[in-house]
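Undergrad: Residue numbers (our numbering), protein chains in the order written: chain A, 4 to 117; chain B, 1368 to 1480.
Errors might be hidden in some of the hints.
EDC-like, lysine to aspartate or glutamate: derived pairs with alpha carbons at most 20 Å apart [claimed, not checked]:
{"#": "1", "chain 1": "A", "residue 1": "Lys72", "chain 2": "A", "residue 2": "Glu23"}
{"#": "2", "chain 1": "A", "residue 1": "Lys109", "chain 2": "B", "residue 2": "Glu1426"}
{"#": "3", "chain 1": "A", "residue 1": "Lys52", "chain 2": "A", "residue 2": "Glu19"}
{"#": "4", "chain 1": "A", "residue 1": "Lys109", "chain 2": "A", "residue 2": "Glu19"}
{"#": "5", "chain 1": "A", "residue 1": "Lys52", "chain 2": "B", "residue 2": "Glu1439"}
{"#": "6", "chain 1": "A", "residue 1": "Lys104", "chain 2": "A", "residue 2": "Glu18"}
{"#": "7", "chain 1": "B", "residue 1": "Lys1376", "chain 2": "B", "residue 2": "Asp1405"}
{"#": "8", "chain 1": "B", "residue 1": "Lys1376", "chain 2": "B", "residue 2": "Glu1439"}
{"#": "9", "chain 1": "A", "residue 1": "Lys104", "chain 2": "A", "residue 2": "Glu67"}
{"#": "10", "chain 1": "A", "residue 1": "Lys112", "chain 2": "A", "residue 2": "Glu19"}
{"#": "11", "chain 1": "A", "residue 1": "Lys109", "chain 2": "A", "residue 2": "Glu18"}
{"#": "12", "chain 1": "A", "residue 1": "Lys109", "chain 2": "B", "residue 2": "Asp1405"}
{"#": "13", "chain 1": "B", "residue 1": "Lys1376", "chain 2": "B", "residue 2": "Asp1440"}
{"#": "14", "chain 1": "A", "residue 1": "Lys104", "chain 2": "B", "residue 2": "Glu1397"}
{"#": "15", "chain 1": "A", "residue 1": "Lys109", "chain 2": "A", "residue 2": "Glu23"}
{"#": "16", "chain 1": "A", "residue 1": "Lys104", "chain 2": "B", "residue 2": "Glu1426"}
{"#": "17", "chain 1": "A", "residue 1": "Lys109", "chain 2": "B", "residue 2": "Asp1462"}
{"#": "18", "chain 1": "A", "residue 1": "Lys104", "chain 2": "B", "residue 2": "Glu1439"}
{"#": "19", "chain 1": "A", "residue 1": "Lys61", "chain 2": "B", "residue 2": "Asp1405"}
{"#": "20", "chain 1": "A", "residue 1": "Lys112", "chain 2": "B", "residue 2": "Asp1462"}
{"#": "21", "chain 1": "A", "residue 1": "Lys52", "chain 2": "A", "residue 2": "Glu18"}
{"#": "22", "chain 1": "A", "residue 1": "Lys104", "chain 2": "B", "residue 2": "Asp1440"}
{"#": "23", "chain 1": "A", "residue 1": "Lys72", "chain 2": "A", "residue 2": "Glu18"}
{"#": "24", "chain 1": "A", "residue 1": "Lys52", "chain 2": "A", "residue 2": "Glu69"}
{"#": "25", "chain 1": "A", "residue 1": "Lys72", "chain 2": "A", "residue 2": "Asp98"}
{"#": "26", "chain 1": "A", "residue 1": "Lys112", "chain 2": "B", "residue 2": "Asp1405"}
{"#": "27", "chain 1": "A", "residue 1": "Lys112", "chain 2": "A", "residue 2": "Asp98"}
Hints in this document: simulated from the structure, not taken from any laboratory.
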Amino acid sequence: AQSVTQLDSQVPVFEEAPVELRCNYSSSVSVYLFWYVQYPNQGLQLLLKYLSGSTLVKGINGFEAEFNKSQTSFHLRKPSVHISDTAEYFCAVSDRGGSEKLVFGKGTKLTVNP
Amino acid sequence: NAGVTQTPKFQVLKTGQSMTLQCAQDMNHEYMSWYRQDPGMGLRLIHYSVGAGITDQGEVPNGYNVSRSTTEDFPLRLLSAAPSQTSVYFCASSDWEGARGYTFGSGTRLTVV
């Protein structure tokens, strides 16, 4: 069975600073990987996904993530954050080859301060 | 607008009452799931379905029932509500293998008193 560990529950940063949100996963098979964002009192929105191919994935709002198979990681990065990036971010994994279940990490709350 | 529609948005129940959370999608997705979100716990899978007539349990299925009579609808039933079921519930749908990412509804905030 898959599992996801988000290594930081809260990440405070100043506006225009770079940020990295860390995600590690475990699975006995090949996986699809996702990052979702949840703004306050809203549902989840897909930020980016890794299915295959290039290990550097670009998403919406200037975010990108890098798949590292040897370290079983999928860290999310942004070179310069804005106040509007304040939200909770969730890493998620699903198995390739027919598993329908999407397993989430516990989330990282990103707070961008002026 | 295409997407996942959940009703109601808010609900207060008394302990022991039953109710159904509704979920409908208009994207002809095969896969549908129900999650609950609790502070510090992320999203945990309750039940999921891979097509009409096919459902299975997720991580936290106790106290909940589902059925899938059509591709579009995937209702979640609380049989006898308990305070531990106070949570925010999300329905999600996806196409084949979730490869395009799941689309989430806006959620139902349920309080059991």
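Undergrad: Please name the hints from earlier in the document that this structure breaks, with their numbers sorted from lowest to highest.
TA: As far as the earlier hints go, 3, 4, 5, 6, 9, 11, 17, 19, 20, 21, 23, 27 are violated by this structure, in ascending order.
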